[in-house]
Amino acid sequence: MDVDSTVKGFYEQILQRNAGEPEFHQAVSEVLASLRYVLRKDPHYADNGLIQRLTEPERQIIFRVPWIDDQGQVQVNRGFRVQFNSVLGPYKGGLRFHPSVNLGIIKFLGFEQIFKNSLTGLPIGGGKGGSDFDPKGKSDMEIMRFCQSFMTELERHIGDKVDVPAGDIGVGGREIGYLFGQYRRMTGRHVSGTLTGKGLTWGGSLVRTEATGYGCVYFTQEMMASRGDRLHGAKVIISGSGNVAIYAIEKAQELGATVVAFSDSSGYVSTPDGVDVELLRDIKEVRRLRVSDYVKETNGATFHKGGNIWETEADVALPCATQNELDGEAAKLLADHGVKYVAEGANMPCTHDAIQVFKKRKIDFAPGKAANAGGVATSALEMQQNASRDSWTFEYTDKRLRDIMRNIFKNAARTAEDYDVPRDFVVGANIAGFKKVADAMIAQGVI
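Under the working numbering, the first residue of the sequence shown carries the number 883, and numbering increases by one thereafter.
Accuracy of the hints is not assured; some may be wrong.
Computed list of lysine-lysine pairs in DSS-like fashion (alpha-carbon distance at most 27 Å, straight line) [what the hints assert, rightly or not]:
{"no.": "1", "residue 1": "K1317", "residue 2": "K1043"}
{"no.": "2", "residue 1": "K923", "residue 2": "K1187"}
{"no.": "3", "residue 1": "K1020", "residue 2": "K1187"}
{"no.": "4", "residue 1": "K1292", "residue 2": "K1318"}
Simulated from the structure, these hints should not be mistaken for laboratory data.
Start from the sequences, fold in the hints, and give me the full structure.
Shown next, in the form of structure tokens:
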């Protein structure tokens, strides 16, 4: 079999069948590049339309979301749920509320989720959803009315044994609460395991809020230790200032690192002496202000309006904001300023060009499907607690998360070695995630 021609053919089919979806094309292209190694060694994975089935969602749901704003005007948004692959378990993946959301972005996120969920070792399939609704500047009542309308349609498509959504960008504890309340109203049942990211008093799990950020740092710690380096004493750049970034900052500093910069869409804050996490949490999560306000309330920090956070001198970079935020030029800046390790806290924040720079400059790079799997892993732990009517301690749940992230690193590293591309964690994660899903699809037949 001519592997290169076969893979090229698969990708050309993707482009033809999914026009105008560049993020989805990018995600599939990255996985197919890794699968070249698999198909040379195990050509049977190209049989029975396996890859075509894997790249085609099992179900794509698009629906209208009408709601009434505080002025009494009717607004209409579009809702999505892409149920991509359920071979390992019920679909599992977050809901994103952001004006950039479209079908292609939801498909890219859902496709990535298949492999991320596979890597956790837990019985969950891949899915994703959301809406082009923008919660910024909306009142609590507007957000409640939107969430209730959104769930009125979504309810018929989800359930603890079918599809279990969670939060993502624009969907935090407030939104999950409104969504779950409407689900409970419509079904007349309190099925805790239908949504994750719930409040602690009504079925949520300790560590879930912190899990994606903590998990990214745990993965980074393992990656550094494998080279004999330590996070303790390292300088770390963390882009973003949302949930993932805040808890990555918290855990990195708890483990002895100094976080020297963080950001939002308006610019970045330089913090050579570290970050006051409690102040940042209050500004972003309680008062919902901009990072420029952080500088007004502390000493030793500088705000750079519209600046480039990647020009900061550091040892480690954790992009935790959004997709494609770090391009090839930014990657060169990181390399020139001493960065040796990059781990994705967000979903696909590094472009293809950036990843190529990391390879050329010998920078260890951890893709999001491995490094940020802590969030969905802890969501699955929340599902376990809901199913058993149990509640675990913070320490026990955090240990489970740390063990899962350690195992993901070992699996990705070992798989990369097996395919003769040592320390290529992109290839290792893609192949390890793929083979588990592919073997289950083969075992279950053409469905």
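Each hint tested on the structure:
no. : hint          : verdict
1   : K1317 / K1043 : 23 Å, holds
2   : K923 / K1187  : 50 Å, violated
3   : K1020 / K1187 : 25 Å, holds
4   : K1292 / K1318 : 15 Å, holds
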